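S.K.: Sequence:
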Amino acid sequence: MKARSFAIPTLSLSPSEAHKVEAEVAALLKQTLQIECDFLSKAGTLGGQQWKELKTRDHFTIYKERHRARSRARSWDPTATSRSLSMVDQEDMVSMKKNQQVPMIVSTGHVKGTVEDVVFGFAAGDEVSWRIRTAYMKDQFADAKFVATIKQPTEEQPLNYLCIKWFVSEFPKVISAFVHPRDFLVSEASGVKVDGLGKRFGYYIITDYVHPMISKMDDCGVVRSSISMCFIIREVSPGKVHVFSRGFVDPKGDLSPNITAALAARPMAGLARTAEASIAKKLMWLITQQQRKRCEQPQQEDQQVETESCTSCDRPRGFLKGRLTPCRLCRDEFCSRCIIQRTLVVDVSRNVITERTYSFCLSCILKAKRMSPHTVAVDAIRPSTGRPNVISISSQRTASDVSSQSRSSDRRMSLIDR
Numbered sequence: 001m002k003a004r005s006f007a008i009p010t011l012s013l014s015p016s017e018a019h020k021v022e023a024e025v026a027a028l029l030k031q032t033l034q035i036e037c038d039f040l041s042k043a044g045t046l047g048g049q050q051w052k053e054l055k056t057r058d059h060f061t062i063y064k065e066r067h068r069a070r071s072r073a074r075s076w077d078p079t080a081t082s083r084s085l086s087m088v089d090q091e092d093m094v095s096m097k098k099n100q101q102v103p104m105i106v107s108t109g110h111v112k113g114t115v116e117d118v119v120f121g122f123a124a125g126d127e128v129s130w131r132i133r134t135a136y137m138k139d140q141f142a143d144a145k146f147v148a149t150i151k152q153p154t155e156e157q158p159l160n161y162l163c164i165k166w167f168v169s170e171f172p173k174v175i176s177a178f179v180h181p182r183d184f185l186v187s188e189a190s191g192v193k194v195d196g197l198g199k200r201f202g203y204y205i206i207t208d209y210v211h212p213m214i215s216k217m218d219d220c221g222v223v224r225s226s227i228s229m230c231f232i233i234r235e236v237s238p239g240k241v242h243v244f245s246r247g248f249v250d251p252k253g254d255l256s257p258n259i260t261a262a263l264a265a266r267p268m269a270g271l272a273r274t275a276e277a278s279i280a281k282k283l284m285w286l287i288t289q290q291q292r293k294r295c296e297q298p299q300q301e302d303q304q305v306e307t308e309s310c311t312s313c314d315r316p317r318g319f320l321k322g323r324l325t326p327c328r329l330c331r332d333e334f335c336s337r338c339i340i341q342r343t344l345v346v347d348v349s350r351n352v353i354t355e356r357t358y359s360f361c362l363s364c365i366l367k368a369k370r371m372s373p374h375t376v377a378v379d380a381i382r383p384s385t386g387r388p389n390v391i392s393i394s395s396q397r398t399a400s401d402v403s404s405q406s407r408s409s410d411r412r413m414s415l416i417d418r
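With the numbering used here, letter number 73 in the sequence shown gets 73, and the count goes up by one each step, no holes.
Derived by calculation from the structure, the hints in this document are not laboratory data. For clarity, every value in this text was computed on a predicted model and none was experimentally measured. Treat the hints loosely; a few may be bogus.
[To be verified] In silico lysine-lysine, DSS-like type, Cα no more than 25 Å apart, as pairs: (1) Lys-42 with Lys-55; (2) Lys-55 with Lys-138; (3) Lys-112 with Lys-173; (4) Lys-138 with Lys-199; (5) Lys-20 with Lys-112; (6) Lys-20 with Lys-52; (7) Lys-151 with Lys-112; (8) Lys-369 with Lys-199; (9) Lys-369 with Lys-193; (10) Lys-252 with Lys-55; (11) Lys-252 with Lys-97; (12) Lys-151 with Lys-240; (13) Lys-240 with Lys-30; (14) Lys-20 with Lys-55; (15) Lys-199 with Lys-97; (16) Lys-138 with Lys-20; (17) Lys-138 with Lys-173; (18) Lys-30 with Lys-193; (19) Lys-112 with Lys-216; (20) Lys-42 with Lys-216.
All chains should be built: construct the whole structure from the sequences, respecting the hints.
M.R.: Following this line, the structure appears as structure tokens:
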């Protein structure tokens, strides 16, 4: 697909326009928190008469609103009993936005990690972090552009942001041959806050945005679609969070209900990857910090000393017994049973996202896992980090999919070369 981001202008919103977006996002967050509270008060269950299980993955379940439930004028009823909870009816922002025939999608489940880890996995408050998230979350964009920033991350709140984005969603090849591409113009917000009870929670919101300077692209064969989703993340025990989300995706046109539901479920299904994305970002940060120290103090760089056995299990090095591999961080050597391979994003400065696979020991993986993402997030927003300035995401692919490009990119990435 040809890049269409050139037709999308960068916006300078007026104070009133920015305030309107902030107010809408705040109202959507407040309403979703109320609905989440109702849901949890009923032991986190959904009634089978109104909701149908759509997909289950990694302790995470996605539900689709049944058609007969949509035909009723109910916007939220988790138990489908005669006494419904939080019948917000006309006040339901999400229900008012969507076509009645489009199903509401609700997801609930648990993810390993902390609130900050999940939010850090979502975090995409600038062009570079958006590209990094796209790679780790496996977002499928044919084209995209960062349109405006309303609230930037700060050193005090490095995970909080509010911005306007535009992107073209990429369909699977079996579908794209028969349907027009779909684009979205959205406001996106993420961060960590404290609710009325004094409890910390994370949130991620993506919802429709309309601006007179960004018109639909029907003449280009692109259908402007509609979306509204809100995710609430809460810690339920050390290293474990509960995620509740509610929303819809309306691709417009004549797509079948099954395809519509699948498109809505796709961003929810990626939730399991948020904590892993956070760990990957922290591992990459640790590598970068290590390399910077070596560049600043080259005389103190230790030479690699070959060991005779695995540092973890003492498995000996020997003929036909398997070679030992050094951990990229601690440099100790480990056998194949004790080493872990992780693919990290090392370069997002070009249209091709470059990824490399590194070897880590369990101890260093756990170090990154237990490390707070706050320091990494703060470092990412500082100008001194020297991150590339990426303007748009046009027809992006990962370098791991193109081995020759990956090899050539490896030679360019001297900053993190071993």
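S.K.: Take the hints in turn and mark each one as holding or not.
M.R.: Status of each hint after checking the structure:
1. Lys-42 with Lys-55: Judged against 25 Å, a Cα distance of about 21 Å means the pair holds.
2. Lys-55 with Lys-138: holds (18 Å)
3. Lys-112 with Lys-173: Not satisfied, since the Cα-Cα distance of roughly 32 Å exceeds 25 Å.
4. Lys-138 with Lys-199: Violated - the C-alpha atoms of Lys-199 and Lys-138 are around 31 Å apart, more than 25 Å.
5. Lys-20 with Lys-112: violated (35 Å)
6. Lys-20 with Lys-52: violated (35 Å)
7. Lys-151 with Lys-112: Violated: Lys-151 and Lys-112 sit about 28 Å apart, past 25 Å.
8. Lys-369 with Lys-199: holds (23 Å)
9. Lys-369 with Lys-193: Judged against 25 Å, a Cα distance of about 22 Å means the pair holds.
10. Lys-252 with Lys-55: holds (23 Å)
11. Lys-252 with Lys-97: holds (13 Å)
12. Lys-151 with Lys-240: violated (29 Å)
13. Lys-240 with Lys-30: Between Lys-240 and Lys-30 the Cα gap is close to 23 Å, so the pair holds against 25 Å.
14. Lys-20 with Lys-55: Distance ~35 Å between Lys-20 and Lys-55 Cα, so the pair is violated.
15. Lys-199 with Lys-97: violated (30 Å)
16. Lys-138 with Lys-20: This hinted pair is violated, its Cα atoms lying about 31 Å apart.
17. Lys-138 with Lys-173: holds (16 Å)
18. Lys-30 with Lys-193: Holds. Lys-30 to Lys-193 sits at ~12 Å (cutoff 25 Å).
19. Lys-112 with Lys-216: Not satisfied, since the Cα-Cα distance of roughly 40 Å exceeds 25 Å.
20. Lys-42 with Lys-216: Between Lys-42 and Lys-216 the Cα gap is close to 42 Å, so the pair fails against 25 Å, i.e. violated.
In summary, the structure is inconsistent with hints 3, 4, 5, 6, 7, 12, 14, 15, 16, 19 and 20 from the numbered list given earlier, while agreeing with the others.
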